[in-house]
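Put chain U on the given structure of chain V with help from the hints.
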Amino acid sequence: MEYITLTEADQLIPLLVFMIIGSIVALEIDDMLSSVIAIGAVGVGVTISFLILKAPDLAITQLVVEILCLILLVRATIKREMRFPRKHADYLRIISALVLIFLFLVFSYSALMGLPPFGMPIMKVASEYIARGIHETGATNMVASVILDYRGYDTLIEASILFTAVLGVSVVLRSVGRIRNEKS
Amino acid sequence: MTLIVKEVTRLTVGLIFLFGIYIMLHGHLTPGGGFAGGVIVALSFIHMVLAYGGDFATKKMNSRIATILESLGGLMFLSLALLGLIFAGVFFLNLLPKGMPFELKSAGIIPLCNIAICIKVGAGLFLVFTLLTMFKPGGDK
Numbered sequence: 177m178e179y180i181t182l183t184e185a186d187q188l189i190p191l192l193v194f195m196i197i198g199s200i201v202a203l204e205i206d207d208m209l210s211s212v213i214a215i216g217a218v219g220v221g222v223t224i225s226f227l228i229l230k231a232p233d234l235a236i237t238q239l240v241v242e243i244l245c246l247i248l249l250v251r252a253t254i255k256r257e258m259r260f261p262r263k264h265a266d267y268l269r270i271i272s273a274l275v276l277i278f279l280f281l282v283f284s285y286s287a288l289m290g291l292p293p294f295g296m297p298i299m300k301v302a303s304e305y306i307a308r309g310i311h312e313t314g315a316t317n318m319v320a321s322v323i324l325d326y327r328g329y330d331t332l333i334e335a336s337i338l339f340t341a342v343l344g345v346s347v348v349l350r351s352v353g354r355i356r357n358e359k360s
Numbered sequence: 024m025t026l027i028v029k030e031v032t033r034l035t036v037g038l039i040f041l042f043g044i045y046i047m048l049h050g051h052l053t054p055g056g057g058f059a060g061g062v063i064v065a066l067s068f069i070h071m072v073l074a075y076g077g078d079f080a081t082k083k084m085n086s087r088i089a090t091i092l093e094s095l096g097g098l099m100f101l102s103l104a105l106l107g108l109i110f111a112g113v114f115f116l117n118l119l120p121k122g123m124p125f126e127l128k129s130a131g132i133i134p135l136c137n138i139a140i141c142i143k144v145g146a147g148l149f150l151v152f153t154l155l156t157m158f159k160p161g162g163d164k
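Chains as they are written, first to last, in this note's numbering: chain V, 177 to 360; chain U, 24 to 164.
Only chain V is shown next, with the shape it has when bound in the complex (with noise of 0.2 Å):
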């Protein structure tokens, strides 16, 4: 079985610092369709590290969705002259801000070192469907197997959770209720 190696993984680094700055750029620019847009390019640049990771399910999925987030946003914000109101440094938040940071370190390095090393995962469960997951679903997607066989309990309640959330967006946004409300 093949594994992903050191040196493959080498190739993500200027993947991740290109979205690193991203992620940095969103956030201070002022205006909001840049904003977005810097965005698109942090999601793109994820797609293309869960290919190199050997993920193509995953890459789809993360592609198609940031395509509509994306266009989700945009519309959203064209429209209108939307900016982030620009407040100064305050020097109480900025410390506070930096012994949260120093505390998600310290406890995060401990946290690092229980992992196993990179390219070398756990393999109690995933063994056994690798092994028997062909005979025993006759799927050759390995991820359908899991996600719709041995694991569909967990694709049902994901299911359940996606309509609760249209479910809610309906409610919120409903035309009717809001003009018979107006006239009584």
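Any given hint could turn out to be false.
[What the hints assert, rightly or not] Listed next, the stretches of chain V that the computed footprint assigns to chain U, with coverage defined by at least 3 CB atoms under 8 Å from CB atoms of chain U:
#, region
1, 185-192
2, 234-245
3, 331-344
Simulated from the structure, these hints should not be mistaken for laboratory data.
Cβ coordinates follow ideal geometry from the N, Cα and C atoms, glycine included.
Just chain U now, with coordinates in the frame of chain V:
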């Protein structure tokens, strides 16, 4: 939009829709699956809305049809899961014949689940898009 955008949309929107269907149907053979296929199908309708405006596109697919389709997709997925519980006593059991690997008609209920998820996700995301873009704060229809 301009005439160029409308013509290019007229030529390509069917191909985008077809690509979404392809990604969905081959979800158990190649990368992709119901979620990605459903989002591509929704994007083809969104493409039409962006090029021709909301009034034209709502003749093909409006929010009422999208609501019904999303509920139908969710019910289809849930009933596929319940089939296993009814006939064999195990939730989400893959009870249809598995078939030969690498064939389109294989893998039992997985392609059917992909179709259900595609209908649900496509209709749901299109519904969110139409509601968010065509909503007018004044309250008129």
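Worksheet entry | Ascending list of hint numbers which this structure does not respect | Hint check: 1 fails alone, others pass.
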